[in-house]
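Asks: Here's the letter readout for the chains.
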Amino acid sequence: MDSIIEGFKKAFILIFNLNTELLGIIFLSLKVSGSALLVSAVIGIPLSAILGLKKFPAKGFVISLMNTFMGLPPVVVGLFVYILLSRSGPLGFMGLLYTPSAMVIAQTILALPIVVSLCHSAIVGVDPIIKQASMTLGATPFQTTITIIKEARYGIMSGVIAAFGRVMAEVGAILIVGGNIAGYTRVVTTTIALETDKGNFELALALGIILLTISLLINVVLHFIQKKGMVK
Amino acid sequence: MNMTLRISNIYKSYNGRSVLKGCSFSFDRGGIYVLTGHNGSGKSTLLRICALLEPPDRGEINYLSGSNIIKKDTELKRRMTLVLPKVGVFNTTVFKNVAYGLKIRGIKGNKMEERVNKALDFVGLAHKKDQNALTLSSGETQRLGIARAMAIEPEILFLDEPTASVDMENTEIIENIILNMKRKDKSTIVITTHDMSQAERLGDTMLIMSEGRIIQG
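In order, the protein sequences belong to chains A and B.
Residue numbering for the first sequence follows my numbering, starting at 58 and increasing by one per position.
Residue numbering for the second sequence follows my numbering, starting at 348 and increasing by one per position.
Since the hints were made in silico from the structure, they are not lab data.
Accuracy of the hints is not assured; some may be wrong.
Stated by the list, open to error - Cβ-to-Cβ under 10 Å is the rule here; a few derived chain B residues that face chain A:
1. A398
2. K424
3. R425
4. G435
5. F437
6. I451
7. G492
8. A496
9. F505
10. I562
What the hints assert, rightly or not - Beta-carbon label-pair distances, calculated as ranges:
11. A:N276 x B:E460: 49 to 59 Å
12. B:N457 x A:L148: 50 to 60 Å
13. A:K255 x B:T482: 55 to 65 Å
14. B:E460 x A:P198: 39 to 49 Å
15. A:T77 x B:T440: 40 to 50 Å
16. B:E460 x A:F137: 47 to 57 Å
17. B:E422 x A:L95: 35 to 45 Å
18. B:E422 x A:V277: 39 to 49 Å
19. A:K116 x B:Q563: 42 to 52 Å
20. B:L411 x A:I107: 52 to 62 Å
Note that the structure is predicted; figures quoted are calculated from it, not measured.
Backbone N, C-alpha and C define an ideal beta-carbon position, used for all residues, glycine too.
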């Protein structure tokens with residue numbers, strides 16, 4: 058118990074002293090997860106709109122696939138990306154393994170199904186009368202699609218933030234493809250895993266507190282967005 | 348009147364049930380046309396087809412400029428509008444709801460503001476322009492639908508049961524708005540209603556529908 062209390066004390070000292078190692082790790086985490094989220098949103102929001110608004114063969118299958126992939130085990134994604142990017146793999150020539158880019162690719166694969174599934178739910182949840190209202194006012198099919206996406210904005214934001222929460226807390230995939238290289242691919246979660254193994258609880262606890270704070274902030278923002286979307 | 352509408356022998360079925368059975372008419376006199384008849388007589392379907400929201404199974408629908416048929420493209424669709432019985436309200440302010448039709452036409456700035464404010468004044472919602480439109484009452488929502496249509500200054504305005512879901516007070520307000528629009532604007536207004544007394548109060552031309560046919564017009 059004493060060691061835990063001692064660990065917390067040292068962790069707070071590290072946080073309040075703005076330890077450079079700590080800041081570097083947090084910055085890289087936000088950069089990797091933020092980039093993965095951006096890529097997922099850019100691909101995922103239009104894809105969810107197509108799934109929600111257009112009719113095409115195998116649409117139901119794609120939706121089921123995305124829903125299933127929401128629960129993808131990170132280590133399996135890590136393994137898959139590792140095989141693709143390893144020197145003997147099909148994308149080995151790009152030399153991306155053990156780089157932040159490889160971590161972004163792995164986290165994008167994890168975030169994309171969450172963004173697509175939750176944004177799809179938000180888009181199909183928009184009252185069909187909105188589509189008709191838009192058409193009766195002279196909107197083109199593209200303008201109508203944009204209008205529906207705008208109507209679903211609060212649900213879409215919730216989906217994107219939920220995906221951010223998932224990738225920020227993920228450790229398995231980035232550990233495999235990033236290699237946990239100090240100062241280069243070492244992020245919050247992989248550092249916690251490593252420092253815990255080494256018995257160095259101060260840094261692990263400090264990062265744990267920060268990760269929890271980020272998670273809390275994400276949930277506060279999510280709650281605020283959902284509340285804003287509800288009109289009394 | 349700039350643009351006239353001619354429908355010839357319009358048929359429409361849904362799941363094997365015939366809704367329209369050969370409707371023909373020319374909307375070429377301007378003013379207010381009232382399409383009346385019992386529920387299920389095909390009024391709303393005919394209005395949706397006239398507003399080019401859905402195609403007929405058979406028959407022709409043509410908009411004419413003089414004797415020339417106008418191509419059915421986005422440009423034509425933007426010269427008319429249909430206010431549905433349930434107004435689809437966007438989750439934003441009353442002002443932005445009314446501005447929608449102008450924005451998608453590329454009308455911005457002062458011109459847009461002026462037209463939106465004018466339309467809101469006309470329907471008595473100017474004081475609520477910054478309020479979220481989803482918070483309006485059903486009567487106000489119907490007036491918002493009319494303001495949204497008015498702002499785009501359509502040549503033909505279709506109103507599908509504009510007072511079906513509102514109270515007596517709002518019915519009177521909406522009827523006055525429609526009559527004022529007729530006096531003020533040159534647009535042709537086509538209204539559906541199952542209320543015969545309302546049809547008589549508003550209509551310059553009355554069309555009676557029964558079992559998918561225009562039986563008097």
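Asks: All hints are to be evaluated individually against the structure, with a verdict given for each.
Replies: Right, here's what the structure says about each hint:
1. A398: holds (7 Å)
2. K424: Given a least distance of 5 Å, the restraint on B:K424 holds.
3. R425: Since chain A brings a Cβ to about 4 Å from B:R425, closer than 10 Å, the hint holds.
4. G435: holds (3 Å)
5. F437: holds (6 Å)
6. I451: holds (5 Å)
7. G492: holds (8 Å)
8. A496: holds (8 Å)
9. F505: Hint holds; B:F505 Cβ to chain A Cβ min 8 Å, cut 10 Å.
10. I562: This interface hint is violated because 27 Å lies over the 10 Å limit.
11. A:N276 x B:E460: 49 to 59 Å: Given a distance of about 39 Å, which is not inside 49 to 59 Å, the answer is violated.
12. B:N457 x A:L148: 50 to 60 Å: At roughly 54 Å between Cβ atoms, A:L148 and B:N457 fall inside 50 to 60 Å, so the hint holds.
13. A:K255 x B:T482: 55 to 65 Å: Holds, since A:K255 and B:T482 (Cβ atoms, about 58 Å apart) stay within the stated range.
14. B:E460 x A:P198: 39 to 49 Å: violated (28 Å)
15. A:T77 x B:T440: 40 to 50 Å: holds (47 Å)
16. B:E460 x A:F137: 47 to 57 Å: holds (54 Å)
17. B:E422 x A:L95: 35 to 45 Å: holds (38 Å)
18. B:E422 x A:V277: 39 to 49 Å: Given a distance of about 48 Å, which is inside 39 to 49 Å, the answer is holds.
19. A:K116 x B:Q563: 42 to 52 Å: holds (47 Å)
20. B:L411 x A:I107: 52 to 62 Å: violated (38 Å)
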